[in-house]
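Top to bottom, those sequences are chains A and B. Count the first sequence with full-length UniProt numbering and you get residues 1 to 546, in order. Count the second sequence with full-length UniProt numbering and you get residues 1 to 330, in order.
For the record, the hints were derived by calculation from the structure and aren't laboratory data. A few of these clues could be false.
Said to hold, decoys possible - Residues on chain B that point at chain A, a partial pick, calculated with CB under 8 Å:
1) 222
2) 225
3) 228
4) 231
5) 234
6) 235
7) 237
8) 240
9) 246
10) 317
11) 324
Stated by the list, open to error - Just some of the chain B residues that point at chain A, by a computed CB distance under 8 Å:
12) 211
13) 249
14) 253
15) 254
16) 262
17) 325
18) 326
C-beta atoms are modelled at their ideal positions from N, C-alpha and C, and glycine is treated no differently.
Single-letter residue listing:
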Amino acid sequence: MTQTLVEVADLAVEFPVDGADAYVRAVDKVSFTLEEGRALGIVGESGSGKSTVAAALLGLHRGTGARLSGTVRVGGTDVAAATPAALRRLRGGTAAMVFQDPLSSLDPYLAIGDQIAEVHRIHSGASRRAARARAVRVLDRVGIADAARRSRARPHEFSGGMRQRALIAMALACDPRLLIADEPTTALDVTVQAQILDLLHGLREERGLGLLLVTHDVGVAAESVDELLVMRDGSALERGPVASVLAAPAEAYTRALLAAVPRLDGPRASRSLPGPAPDSSAAPVVEAVELRREFGRRGRRVAAVAGVSLAVRAGETLGIVGESGSGKSTLGRMLVGLVQPDSGLVRHGGAPATGITSGVQMVFQDPVSSLNPRRSIGESIADPLRAAGERDEAALRARVGELLERVGLEAGHYDRYPHEFSGGQRQRVGIARALAPRPRLIVCDEPVSALDVTTQAQVTALLAQLQRESGIALVFIAHDLAVVRQVSDRVAVMRAGRIVEEGPVDQVYDRPVHPYTRRLLAAVPGLDPEQAAQRRSSRQEALATA
Amino acid sequence: MTRFVLKRTGGALLVLLALSVIVYSLFYLAPGDPARLACGERCNPQQIAQVREQLGLNESTVAQYLHFLQGLVAGRDHSAGAGLVLHCDAPCLGLSYQTDQQVTDLILTRLPATLSLALGALAIWLLVGVGTGVLSALRRGGITERLLTVLTLAGTGTPVFILGLLLLMAVCAYLQWLPFPTYVPLTEDPEQWAWNLLLPWLTLGLFESAKYARITRSSTLETLAEDHIRTFRAYGVGERALVTRHAVRGAVAPVIALSAVDFGTMIGGAVLTESLFGIPGLGKTLIDAVRVVDLPVVVGVVLAIGTAVVVAGAVADLLYAAADRRVALA
Chain A
1 MTQTLVEVAD
11 LAVEFPVDGA
21 DAYVRAVDKV
31 SFTLEEGRAL
41 GIVGESGSGK
51 STVAAALLGL
61 HRGTGARLSG
71 TVRVGGTDVA
81 AATPAALRRL
91 RGGTAAMVFQ
101 DPLSSLDPYL
111 AIGDQIAEVH
121 RIHSGASRRA
131 ARARAVRVLD
141 RVGIADAARR
151 SRARPHEFSG
161 GMRQRALIAM
171 ALACDPRLLI
181 ADEPTTALDV
191 TVQAQILDLL
201 HGLREERGLG
211 LLLVTHDVGV
221 AAESVDELLV
231 MRDGSALERG
241 PVASVLAAPA
251 EAYTRALLAA
261 VPRLDGPRAS
271 RSLPGPAPDS
281 SAAPVVEAVE
291 LRREFGRRGR
301 RVAAVAGVSL
311 AVRAGETLGI
321 VGESGSGKST
331 LGRMLVGLVQ
341 PDSGLVRHGG
351 APATGITSGV
361 QMVFQDPVSS
371 LNPRRSIGES
381 IADPLRAAGE
391 RDEAALRARV
401 GELLERVGLE
411 AGHYDRYPHE
421 FSGGQRQRVG
431 IARALAPRPR
441 LIVCDEPVSA
451 LDVTTQAQVT
461 ALLAQLQRES
471 GIALVFIAHD
481 LAVVRQVSDR
491 VAVMRAGRIV
501 EEGPVDQVYD
511 RPVHPYTRRL
521 LAAVPGLDPE
531 QAAQRRSSRQ
541 EALATA
Chain B
1 MTRFVLKRTG
11 GALLVLLALS
21 VIVYSLFYLA
31 PGDPARLACG
41 ERCNPQQIAQ
51 VREQLGLNES
61 TVAQYLHFLQ
71 GLVAGRDHSA
81 GAGLVLHCDA
91 PCLGLSYQTD
101 QQVTDLILTR
111 LPATLSLALG
121 ALAIWLLVGV
131 GTGVLSALRR
141 GGITERLLTV
151 LTLAGTGTPV
161 FILGLLLLMA
171 VCAYLQWLPF
181 PTYVPLTEDP
191 EQWAWNLLLP
201 WLTLGLFESA
211 KYARITRSST
221 LETLAEDHIR
231 TFRAYGVGER
241 ALVTRHAVRG
251 AVAPVIALSA
261 VDFGTMIGGA
271 VLTESLFGIP
281 GLGKTLIDAV
291 RVVDLPVVVG
301 VVLAIGTAVV
311 VAGAVADLLY
321 AAADRRVALA
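Hey, can you work out the whole structure from these sequences and the hints?
What follows is the structure, given as structure tokens:
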């Protein structure tokens, strides 16, 4: 009989809101247990309360004004009743947390090795020198090359993947029995994500650690845990072995959540609907010829885009995938005219493009920061129309109202402000703004990567529908291979400023030619836990042969 | 690093050149006849004209300025009347209209007193100001913090000469713990130097401390809300270590930046404190020179202050880059 590591019973967490005695319930009667050495995944969309549960395990709500009820026992310690000293022993010593967004999760002023040593000393009472040596050992264990030297680096000198490894090293430094990982791979590229998940998996096998993995990505959970807990609006909806929850979800919400997850092997529903077939005889809407753009000062110049040619026709969607730094965003900006190429040429409808035109529009990644918070969304949508010379207020309002309805909002929303909308709704506003001047091409730069899967599915469906209705051309830039597969007719794979492979979606995804494409595809988490182990070993082989 | 020094030096020379032009221009717009003032009450018009000739005031403004630059780079000769010629080596800031003393010498004799005052005050505001700020951050929400907030507000609201006067009256007149301060150079008697400067240091230091306490407290609290603090809290790091080892670093940048400006200003701007405690510093020299339209002294002291501000700024940038490795020197 294994020992119970985590025992949560009827946990409820309430946060105070502006009013004096008003509370909002973030977690509602959640119960679960986790045995020693087992792994539990908590999945749910943003606002489902999954991170709040994780924080409650370490008593991190203490002193924040939040109200907790129910019991939380971790490694035999009653978190609610623990003395401050017992709580500090629990934090890190028994259960260590691996945080999300690794850039801001480490102290920017201190060397990484010193930060790990500090945490280790608290729990072991080791000497300064011994703690420092321990920090180097754990950094080495998580795969930081030349750990002794790199331990003296500051967080900004590490890449995103290395910072995530450093955070895992910090957790290991205290020899905990439980790892709590809160979205440990959300900010990372797929190949790096796969490496981090493999690392967590290896550590569990090696040390018999328990793992509580909090994530919005069902695929990430499928690869890494034994059991799954699905949360929605603060409640636990469904819990069971990962294979059975994924294969036969009991709850309608779980089924909807799973259906919305873009998959590499699922049906490409949005593309199979009838629509005007891309006309291959007409001149392309946008054409790029040998585009090149460098950044940086003399001596340290880096070519973000190093000679890219492509063409997109009316009614067609070209997907561009690549990891961070591959130059895909710079390419998108050059197509729109926001960035001028150093050499090469962009043609719009056969004629050389001059600056920004109303015929080519852009939808940005972050729907929060790409809308002016101090102007109503109606004014924001009307901006491109005003820029195109429209002055009649009544006509503007009518056109904006029409656009709002087309993207699934209401005409009456004209005078509302961005903060009154959800993330998905704000992205709809962004799309309406791009549609306003009746463009022939819209370049979407990571339009859904900040959204939950269900919202993602709605937004991609909207883009497909708008394309069918108006025959516009789309360039869809994303790091998520599954999303790109779902929305695109053709796909271009970018790496280090070049397109390494381009072709129809089925061809590129089913019969990839370039080794880089194959590596990207092998790194995408799937929804089948049984395949995960298989892919994990094939990745290790690929790494060994590389 | 070489690049940084070269760039900063070039920038500093431009700033100082501009400063000298501005002071010269202002001087010719200002009322008052330097020759009459230099000659004294009993001079007749003839003598005044003679003095004017000697001082080179008959030349055009531009020519006078070019002479000044020439003296700065190569040195120059001054006629002191009766065929006497005084040579002034480069860098020559000219001779005082009033005393014929070389301005460079004048500044060098006054600078130690000013530096003594400013460095001591700097030490006090860093110690007391930053210390108070950290203490407020540690005891946030408690009675200690509220008490400190009241004190710092009172400190900010009290004019510096009132604070100095109160200290002087309390310590020297009422309690008689110290004699009334007179300036003793460090080279003469270090112990007397420190005792005599104690009250001026406290006056300036405490006055500035209030500002530093507020900045330290707010920057520390701001950092305390950042994500990396949550990381260390989740690893069992205690509240005190969170504040003193991690959060307080957020205050380093603003405290350094502000200290540089304040220190630079204090080289010429601590007139009130210097006058109150009888310290023969640059601020007092400048005010006296302005009163009698002693152009070379005014220009010289202003340039000295300018140099101090520029150097303090460069040192601040170096310290800042050392404290936060993300900052690149440029």
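So, going through the hints one by one against the coordinates:
1. 222: Cβ of residue 222 (chain B) sits 13 Å from chain A, so the hint is violated.
2. 225: violated (11 Å)
3. 228: Interface hint status for residue 228 (chain B): holds (5 Å vs cutoff 8 Å).
4. 231: holds (5 Å)
5. 234: Cβ of residue 234 (chain B) sits 5 Å from chain A, so the hint holds.
6. 235: holds (4 Å)
7. 237: holds (6 Å)
8. 240: violated (12 Å)
9. 246: holds (5 Å)
10. 317: violated (17 Å)
11. 324: OK, holds: residue 324 (chain B) within 8 Å of chain A, min 6 Å.
12. 211: It is violated, given that the least Cβ distance between residue 211 (chain B) and chain A is near 23 Å, above 8 Å.
13. 249: Residue 249 (chain B) check passes; min Cβ-Cβ to chain A is 4 Å, inside 8 Å.
14. 253: Since the shortest Cβ distance to chain A is 10 Å, the answer is violated.
15. 254: Nearest chain A Cβ about 14 Å off; hint violated.
16. 262: violated (23 Å)
17. 325: holds (5 Å)
18. 326: With a closest approach of 5 Å, the residue 326 (chain B) hint holds.
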